[in-house]
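Participant: Sequence:
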Amino acid sequence: MKILNIRDLRGPNVYSHDPVLVMKLDLEDLAGRESYEVPGFIDRLIALLPGLEEHFCGLGRRGGFVERLREGTWFGHIGELVALELTDAAGISVNRGKTVSTDNLRVFLVAVTYKSDAGMHRLLEIAVELVQALVDGREYPLEKELAEVRSIVERTGLGPSTQAIVNAAVAREIPWTRLDNESSLIRLGYGVQSRLVAATISGQTSAVGVDIASDKDLTKKLLGDAGIPVPFGVVVQTADEAAAAWRDIGGAVVVKPLDGNQGRGVSLNLNEEAHVREAFATAQQHSKSVIVEQLFEGRDYRVLVVNGKVVAASEKTPARVFGDGLHTISELIAIANRDERRGDHHSKPLSRIKVDEVMCAYLRRSGLRLDTIPQAGQCVLLRESANLSTGGEARDVTDLIHPDVARMCTRAARIIGLDICGLDVVLPDLSKPLNGSGGIIEVNAAPGIRMHQFPSEGTARDVASEIVSMLFPGGSNGRIPIVAITGTNGKTTTTRMIAHVLAAAGKHVGTTTTDGICVGGHQVARGDMTGPWSARAILSDPAVEVAVLETARGGIVRSGLGFDWADVGVLTNIEVDHIGQDGIESVEDILRIKQLVAERVRPGGTIVLNADDHHLARLPQNPRLSKISRSVVFFSLSSTNPLVISHVKNGGLAFVLHGEWIEQRRPEGDRRIVRVANLPCTVAGTAEFQIANVLAATAACVAMGVDCDTVASAMSTFRNGDNAGRLNIYERNGGLLVLDYGHNPHAIGAVCRMVARWPAESRTAVLGLPGDRSDDLIVTAARTAAAGFDRVVVREDYDLRGREPGAIAQLVAQTIRSSGVADVDIVLDEVEAVRSAVLSMVPGQVVVAFCDRKELVTEMLEGLGAACVDDLHAFFAEARERARIPA
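The numbering of the sequence shown is the working numbering, which starts it at 1 and goes up by one.
The set of hints was computed from the structure by calculation and includes no laboratory data. Certain hints may be false.
[Said to hold, decoys possible] Computed beta-carbon distance windows for the label pairs:
| no. | residue 1 | residue 2 | range |
| --- | --- | --- | --- |
| 1 | E331 | R150 | 19 to 25 Å |
| 2 | A756 | A525 | 49 to 55 Å |
| 3 | E148 | D404 | 30 to 36 Å |
| 4 | G51 | E272 | 56 to 62 Å |
| 5 | D429 | S629 | 29 to 35 Å |
| 6 | L637 | G506 | 27 to 33 Å |
| 7 | D404 | S629 | 27 to 33 Å |
| 8 | R342 | G51 | 34 to 40 Å |
All values reported here derive from a predicted model rather than from experimental measurement. Backbone N, C-alpha and C define an ideal beta-carbon position, used for all residues, glycine too.
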């Protein structure tokens, strides 16, 4: 077996509404072979992984998978179940997966949910390696590989502080995104509601405050100048200066790096010059400048201030072990570090006890060594600093803090300028009033909160929720309205219409379409931007108030959705297209993919459906949609559509074409919204597909809370000339040129029906079809075009999509000729094909160019003097008059 690739689908997808990894697996020699056909394989597998006995595997009972194994199952499915079974041992348990075949009998897609993308990625690789080894009868170092996975999970996972903030956000239904797998930088919320957080530094944390807090000497100066008790200290650069400072201070001192953190290089309670010099050398390994300062006597506390309020306090205890009369200190440390609560890199509630020079120096001063065997029950302190990062522990004392102490801490955070601030306080007793003994020894930006979330003793404090509440006050969920549009045809136009109306309603709109990304009406990226990357780009922009996202099949299949929930989902139609791509074999397959947009409309949101499309008319009854309560709004080109009538009678809302009007249908009565003749995009009402797009966009905008008058006014100013590549109309030499993106039978047929209603003396098409469709679909599209045009110029797409040069053009031309159109030319270059048709135009002729490279074609048309036309009433009147004049 061989893994071809592994893709990460981070958003809702066709396999699961949760993130999945999808492994593309080539079974090679195992293709077509079932599990029972490999002698001894099943017994070896179960002996190695007895937990497989517990898997139901679709049979609904324990042992279902083993039954399937003995009856015979494909090796792709075996790889899936093995990967899921291994997640328990790796500490990232998941139990959902799916294996599907492809049009290649050797290749399967294995999709599994995950808690750690990096860890699950490696487990999929291990599962394939392990199964292959068992097939071959070879040994496999499973425990060694699983240890590597556990290390990957610990190294790449979010730390406890960040994970606690994420959990608090999820509890509030605030969306979150990890922006860098190598750090704890996350984004909470969407658009204008988004906030950045890196550990416990928020996007609104003062950079100046962080700089001040990182300079311990400057911090003490500012606090001291404000009358807050801080220890006297001196910044030194040499050991001699350190010794001199110790003598000047008199008494016990602390030696620490000027800009250190997490207790690195800190030595406390130094009373001898030799110890001061030794501590200086240790501190200088972390910072060129070192502080020698007075030692405050008392207990070591950490007070957390969030948004000007004390939210937690802990008493810190240095790392320690308890003797048993048998083991050395070094061995006792190793035993303590096996505690499941301890991990590296702040990955667990407690850190592993760190053996370093500071610890060894402290033990020496205490008359101990790492090979000393303490007496049974003896408590051995391993260092004087009580940082959790070096193995210390914490006891919650939040309820004990005296108001004097709380006021001192909130004032200090305010002076330094930190919204999230951890203050190291040394006092005889935090529960007593300040009496001139002790004070604040350090101020920390980005303070760790695991000691409060997971104290070794006392009440856990959900300080992460306090941080989230500061970032999202008033119960905000950090979301902006999202409209997602999908379907076979009309997606881009409907998306642009919705964005146009919402902008007219005063919203700063972010839009993704086949042509690019727009923010506030300005294009910021070009190309096909209908996938999850572009959606995330919009949702990450702090200027965006509303997101309107064209959501195409390709992005859904390859990468899932770029959002978790939409407020409104629009499905325009489901027609034959993309057959032969990504395992799509039928219209039902297309529906299954695109209905994901409807499935991910939030509870209480709105699904807008085309009642004239029989696939979409039945969609509300789909079990995958009926579990969540949402509103369904239908639209139809027929005011007598039975589904619409029934839907409204049962209390629903619909939008229909009634005579010359776009109307809203409600149980309490009908309302006219806008006359079709007042909508330039409908080309004097001849473009029924544009009327359908208007209906869909109107329904979506009303669902978003836009009033009908605003919708009518905005739609009356939406012009085809502003809808690049979609029904753009030009006039030249008394003839009309239509530039459109139609590339499937349904879209081509809709344009044919439109131009058939125009007064024209002849109709010509410039036609090219995508090469990644099946031959049957290409032939159907060509026949559709042949039925609507007198002449066809066949071109070729710039991207042949796997076809040989000229192959598609020959197939299209042959089909059109066999359909009865004699006037067929082949001009492979798209621009030259359109140019030849335009140059031969005569008054009264209509040319429709189904274009792929619209920018180049538009530039060419402008060079030929073609003028964009939005209002065709006058042109049609002249054409009708001309038709009455005898030749």
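Participant: It remains to establish, for every hint, whether it holds in the given structure.
Facilitator: Here's how the hints hold up against the structure:
Roughly 23 Å separates the CB atoms of E331 and R150, a value that falls within the hinted 19 to 25 Å. Between A756 and A525 the CB atoms are about 37 Å apart, so this pair departs from the stated range of 49 to 55 Å. The given range of 30 to 36 Å is broken by E148 and D404, whose C-beta atoms sit roughly 52 Å from each other. Our hint of 56 to 62 Å for G51 and E272 holds, since their Cβ atoms are close to 59 Å apart.
Separated by about 55 Å at the C-beta atoms, D429 and S629 break the suggested range of 29 to 35 Å. At roughly 30 Å, the beta-carbon separation of L637 and G506 lies within the given 27 to 33 Å, and the hint holds. Between D404 and S629 the Cβ separation comes to about 53 Å, which falls outside the hinted range of 27 to 33 Å. For R342 and G51, the Cβ-Cβ distance of about 26 Å falls outside the hinted range of 34 to 40 Å, so the restraint is violated.
The structure fails hints 2, 3, 5, 7, 8 (numbered hints given earlier, in ascending order).
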